[in-house]
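Given next are the chains, with one letter for each unit.
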Amino acid sequence: MVDRSYGYRLFTAVNTILLLTLSIGCVLPLVHILAVALSGKSAATANLVYLWPVDFTLEAFAKTLSNDKFSHSLFISVQRTLLGTGAFLVIAALTAYPLSKESRSFKGRGLYAWFFVFTMLFSGGLVPSYILVMRLGLNNSLWALVLPVAVEVWSIILLLNFFRNIPKELEEASLIDGAGHFTTMLRIYLPLSLPALATLSLFTMVFHWNEWFMGMIYNTNSDNYPLATLLQTIIVQQDFTKLAMNPEAVEDITNRTVKAAQIFIGAVPILLVYPFLQRFFVKGIVLGAVKE
Amino acid sequence: MEKSPAEPKIRWNLQRNWPLHFMLIPAVLLTIVFAYLPMAGAVMAFQDFKPWLGFGDSPWVGLKNFQKLFGQEDSVQVMWNTLIIAFSKIVAGLIAPFAFALMLNEVRNSLFKRSVQTLVYLPHFLSWVVLGGILIDMLSTEGGMINKLTGWLFGIEPIFFLGDGDWFRFTVVVSHVWKEFGFGTIVFLASLAGINPALYEAAVTDGANRWKQTLYITIPAMLPITIVLATLALGSILNAGFDQIFNLYNSLVYDKGDIIDTYVYRTALVNGNMGFGTAVGLFKSAIGFLLIVAAYRLAYQFANYRIF
Chain A
86 MVDRSYGYRL FTAVNTILLL TLSIGCVLPL VHILAVALSG KSAATANLVY
136 LWPVDFTLEA FAKTLSNDKF SHSLFISVQR TLLGTGAFLV IAALTAYPLS
186 KESRSFKGRG LYAWFFVFTM LFSGGLVPSY ILVMRLGLNN SLWALVLPVA
236 VEVWSIILLL NFFRNIPKEL EEASLIDGAG HFTTMLRIYL PLSLPALATL
286 SLFTMVFHWN EWFMGMIYNT NSDNYPLATL LQTIIVQQDF TKLAMNPEAV
336 EDITNRTVKA AQIFIGAVPI LLVYPFLQRF FVKGIVLGAV KE
Chain B
49 MEKSPAEPKI RWNLQRNWPL HFMLIPAVLL TIVFAYLPMA GAVMAFQDFK
99 PWLGFGDSPW VGLKNFQKLF GQEDSVQVMW NTLIIAFSKI VAGLIAPFAF
149 ALMLNEVRNS LFKRSVQTLV YLPHFLSWVV LGGILIDMLS TEGGMINKLT
199 GWLFGIEPIF FLGDGDWFRF TVVVSHVWKE FGFGTIVFLA SLAGINPALY
249 EAAVTDGANR WKQTLYITIP AMLPITIVLA TLALGSILNA GFDQIFNLYN
299 SLVYDKGDII DTYVYRTALV NGNMGFGTAV GLFKSAIGFL LIVAAYRLAY
349 QFANYRIF
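Which chain is which? The protein sequence lines are A and B, in order. So the first sequence is numbered by the working numbering: it starts at 86 and just counts up by one. So the second sequence is numbered by the working numbering: it starts at 49 and just counts up by one.
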């Protein structure tokens with residue numbers, strides 16, 4: 086039943102305008118940075134650009150992409166994201182499957198579960214982890230950015246709750262037909278969990294693409310920086326001593342339009358996967374959170 | 049059939065289940081190395097740790113690092129900053145999505161509703177490096193877009209958002225809410241979807257208008273999840289958001305904007321004070337652990353909430 090009173094119609098109008106303003110406000114900063122990136126250098130430096138490019142030019146993007154340092158760290162970020170997501174998928178599937186069994190049929194399940202959950206509650210902190218990675222000699226390698234975060238306990242819990250919603254009869258049938266646990270997992274559980282695996286992979290990809298701190302502390306050589314770390318150094322810290330570049334090259338990457346182009350390119354992969362993410366994540370985060 | 053059924057069952061269990069143990073090996077090894085070894089390494093908190101001496105030969109100093117933590121003016125200030133910023137974020141971060149979910153609930157046009165959702169969820173997925181870069185640009189006092197707007201609207205001087213301590217805290221809380229309120233509504237919308245429509249029909253029959261329906265049906269239905277979220281947030285009262293602060297702060301605002309995590313990073317990895325840095329981190333982990341356990345207990349008692 087629709088309320089047609091004058092007051093409610095007034096409320097609807099105000100509500101709609103407010104929602105519209107807030108949601109536009111969420112993307113406005115991105116629009117602004119894109120407009121700056123597409124503007125002429127002088128207009129941008131004079132702060133004449135708001136939400137639409139002034140003196141439209143692609144120069145800033147061309148400059149950014151032709152910069153070796155930038156394209157190299159872009160490549161490292163792609164590698165890292167692929168490796169990180171692959172490692173996550175393998176570990177998550179292998180770990181969630183046994184943990185999804187009942188304690189009755191899998192002795193020791195409870196012990197394993199607490200072993201993993203405890204790491205969510207308590208950690209040794211930044212400094213011991215840093216020393217460990219250095220001692221293992223992982224610094225300046227891609228593995229330092231992948232292995233310490235490969236066991237994603239929270240995602241494993243979501244996945245195991247998803248596994249538990251798969252009818253037991255399927256597992257029983259497959260075991261009776263002579264399949265072992267590996268076959269059952271590969272042929273029954275994983276194919277049926279594709280939506281959950283896709284959601285969690287997308288989240289992992291976003292994490293690895295955005296993560297910059299490990300890239301900063303575990304790499305002593307800026308040639309190994311993933312893109313997020315490079316952006317952090319250039320745009321946020323504005324520390325060019327680490328980059329070992331000549332002054333003209335620094336001049337080139339610090340002008341406002343080029344900075345804006347770098348920021349925007351850093352966000353592009355997220356914008357690209359976002360439509361897929363959005364289709365899945367509402368289901369994804371509710372999955373596992375709600376139980377009968 | 050005189051045999052006791054228990055013994056063959058256990059053997060059968062092991063025979064059938066060895067692949068399950070086998071599957072867990074990679075995750076167990078990685079967890080031991082990258083989670084449990086650092087926990088053991090936290091003994092550094094009780095040492096004057098020197099990297100070239102290692103754990104064995106660094107001198108033991110007992111609780112000196114912890115005494116320093118509570119005795120030094122700057123580390124005490126850092127703890128206050130953390131609590132103030134984290135608390136403000138939690139409160140604002142609960143109210144905003146609650147209100148937004150209520151507003152969204154009144155929208156009848158589903159296309160408009162979905163478009164709004166698409167836009168407001170987006171900032172959650174952008175990193176603080178990207179957003180930090182954008183904010184530094186937009187909040188600049190030399191012609192940043194925000195300062196131009198406030199100057200034009202209210203005719204005031206440019207505000208030093210990232211250079212003045214109090215404005216910095218304000219900026220941190222507001223930009224956090226801006227980034228997360230959309231994503232935060234998902235949980236509330238899920239609880240709204242679970243309301244039985246018959247309740248509304250009954251209310252309409254009894255003469256309740258939209259406002260009364262919201263007050264007596266919608267809001268009460270959202271309260272349980274709100275209580276759960278508020279309780280669980282207690283566990284993160286020491287997490288004021290390292291990524292965000294680190295990408296926005298500078299030495300001008302250390303007195304009001306420096307938090308435990310940024311302080312640990314600077315003392316240990318920048319200034320090389322490893323033992324003290326570890327002590328601060330360990331203190332945070334330990335308190336955080338107690339708070340999380342307490343929070344989950346409370347959430348379980350009040351709202352029967354369990355993660356698994």
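Source of the hints: derived by calculation from the structure; they are not laboratory data. Keep in mind that a hint or two might mislead.
[Claimed, not checked] Taking lysine-lysine pairs in the DSS-like style, the calculated list, with each CA pair at most 27 Å apart, reads: (1) A:K327 to A:K148; (2) A:K253 to A:K192; (3) A:K327 to B:K98; (4) A:K126 to B:K98.
[To be verified] Some but not every residue of chain B turned toward chain A, in silico, with C-beta under 8 Å: (5) L159; (6) V276; (7) A278; (8) L280.
Positions of the beta carbon are idealized from the N, C-alpha and C atoms, including for glycine.
These are the hints, each one checked on the structure:
1. A:K327 to A:K148: OK: K327 (chain A) and K148 (chain A) at ~21 Å, within 27 Å.
2. A:K253 to A:K192: Holds, because 18 Å separates the two Cα atoms, which is no more than 27 Å.
3. A:K327 to B:K98: holds (25 Å)
4. A:K126 to B:K98: The given pair, whose Cα atoms are some 49 Å apart, is violated under the 27 Å limit.
5. L159: violated (13 Å)
6. V276: With a minimum Cβ separation of about 10 Å from chain A (threshold 8 Å), the hint on V276 (chain B) is violated.
7. A278: violated (16 Å)
8. L280: violated (12 Å)
Consistency with the previously given hints fails for numbers 4, 5, 6, 7 and 8, ordered from lowest to highest.
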